[in-house]
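S.K.: Sequence:
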Amino acid sequence: MKQIIPLLKTSSLSESELALAVSLQGLLAQKGETFLIDCDHYRQFVDSDSFSVRSVFLRALIAENKNLIPGYVLFDFSRCDGSLNAANMLTSAKGYLAVPSECESLVSDLLPCVRDLREEDPTTIQETIFDECLPFFRRDGLIHQVERPDNHKINLRDYGIRNHWAIVYGDESEKGRKFLGHVLSSLKSGIAIYGWTTDEVSFVEFISRYGDYIVPSDWSSNRAFFASDQETTIPFSPHHVDVLPNKHYVAIEVSDGDNAQWLERDFPFEGYYGKRTESFHNYPLAFTIAPAMTYLAPAALRYIYSRVRNETFASGVSGAGYMNPCAFPAKELPTFVEKTARMMKEASLTIVTLLDNKNNMSDATVRRVINEYAKRPEIDGGVWEVDPICYEGNAGRIYFSENHKPFVSVRYSLWSPTGDRTTDRTWIDKIAEKINQLPIAPKQEKGYSIVNVHPWSTSNEDIDYLVSKLSDNNQILPLEDFIGLIKKNLGGCQG
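Letter by letter, the sequence shown follows residues -14 to 480 in our numbering.
Hint data in this document are derived by calculation from the structure and do not stem from the laboratory.
Bear in mind the structure is a predicted one, so any value in this text is a computation, not a measurement.
Honestly, I wouldn't trust all of these hints.
Capping the alpha-carbon separation at 30 Å, the derived lysine-lysine pairs in DSS-like fashion look like this [stated by the list, open to error]: (1) K232 to K454; (2) K232 to K79; (3) K138 to K324; (4) K415 to K428; (5) K316 to K343.
Sequences are here, hints too, so could you generate the full structure?
M.R.: So, in structure tokens, the structure goes:
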């Protein structure tokens, strides 16, 4: 018999009502109950052979489950001053439903109001509620969700509530960084942070130094519904080709697959991967994938793998989550790499992608980092995206670990010079020309090129165009074959 899932449609909900629904979804998940919010493409990840849905209304959901809810906290949704995060922390820690004041009529005759956050100091509300709730939080994860007038996210808090985590936002100001430092110091080290920020580079460097990492998730929905408490094995068999002699060898990798919310939303549908699977082009192409999908949304990863033709996959940066390995505390790196290897195995991945800044990459630090990753039998090698210069900062340099696993720096990046998609492809002609001028040298570093693809400033057609401009002196290989060939031919003699 099929399990019946309550389905809440969002088409008639206001933003404040959706915020209430997200709080309710997380709260009910704490109690072992569930419903699905019908947004984006999430419904397509539900196995129709095992589940059926029944449409429900928000007030009816609250009424059906009122015995599980001890009361509600009221807050001003329009203030964007931390009140939304603060209210949901009270949901996470104490089980009170977070209710925007505009929605109070939906609950006032069903539940008692236990607190009105509108009466509390808006300048310190996150700090106050975090410290109050800290004894009740689990300290093995964190939601960092932006809340300010020009960038106001409603999503994701359901997952924090489900897991009894804190839900905060610390901006780039001195006060914001001090607060975020206080939060991170109060939690375990080496934790995953879910959400996003407003200054990627400084934020990732900041949390890396605490031994923490981020899984980009700010637009994620239904985590309370789809997530598992442990990784799920998702099988995938990579595509291989015959390696031709006397060629310059190229691998093409689409970056930003660490972005879990992208993988859950448009990536497999109208996004990069969805369009690729519907294209007649069949040259080898690697996509980066967040290994954390094995527990965050295994149904979505299963769907992605089910559509594969000759595409291959590598771990997104820098494994279990996005951090800078060379800035990461040395004592925390083995634990992070162990998590990475475990997740990569469950996701059937063997190549890890790393992201760092050249300023962090002394030779000694690089050796320490790659040797730590290479210790793991699940990891065959890696791709290194090096800032600055759009991941081209290390100009194709190849490093080898002590056990002869190659870690290959990006040589060229398909990254629009304007930062946006454009019909002008003269810049792509220049990249193709540079690749065509590289030598056929299978026993030398210069005989191999990784081309990174920046998905936010390019299109599938841009990759097709680049490939069409490559001369017959080049062979594009699946990433696994490319890494394996470098190991075979160079044998640890470079870097």
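S.K.: Look at each hint and say if it fits the structure.
M.R.: Status of each hint after checking the structure:
Pair hint K232 plus K454 holds up; C-alpha atoms about 16 Å apart against a cutoff of 30 Å. Under the criterion of a C-alpha separation no larger than 30 Å, the hint pairing K232 with K79 is inconsistent with the structure, at around 63 Å. In summary, the hint linking K138 to K324 is supported, as the alpha carbons are separated by about 29 Å, within the 30 Å threshold. Between K415 and K428 the alpha-carbon distance is near 26 Å, which keeps this suggested pair within the 30 Å criterion.
The suggested pairing of K316 with K343 holds, with an alpha-carbon distance near 21 Å, which does not exceed 30 Å.
Violated hint for the displayed structure: number 2, the only one.
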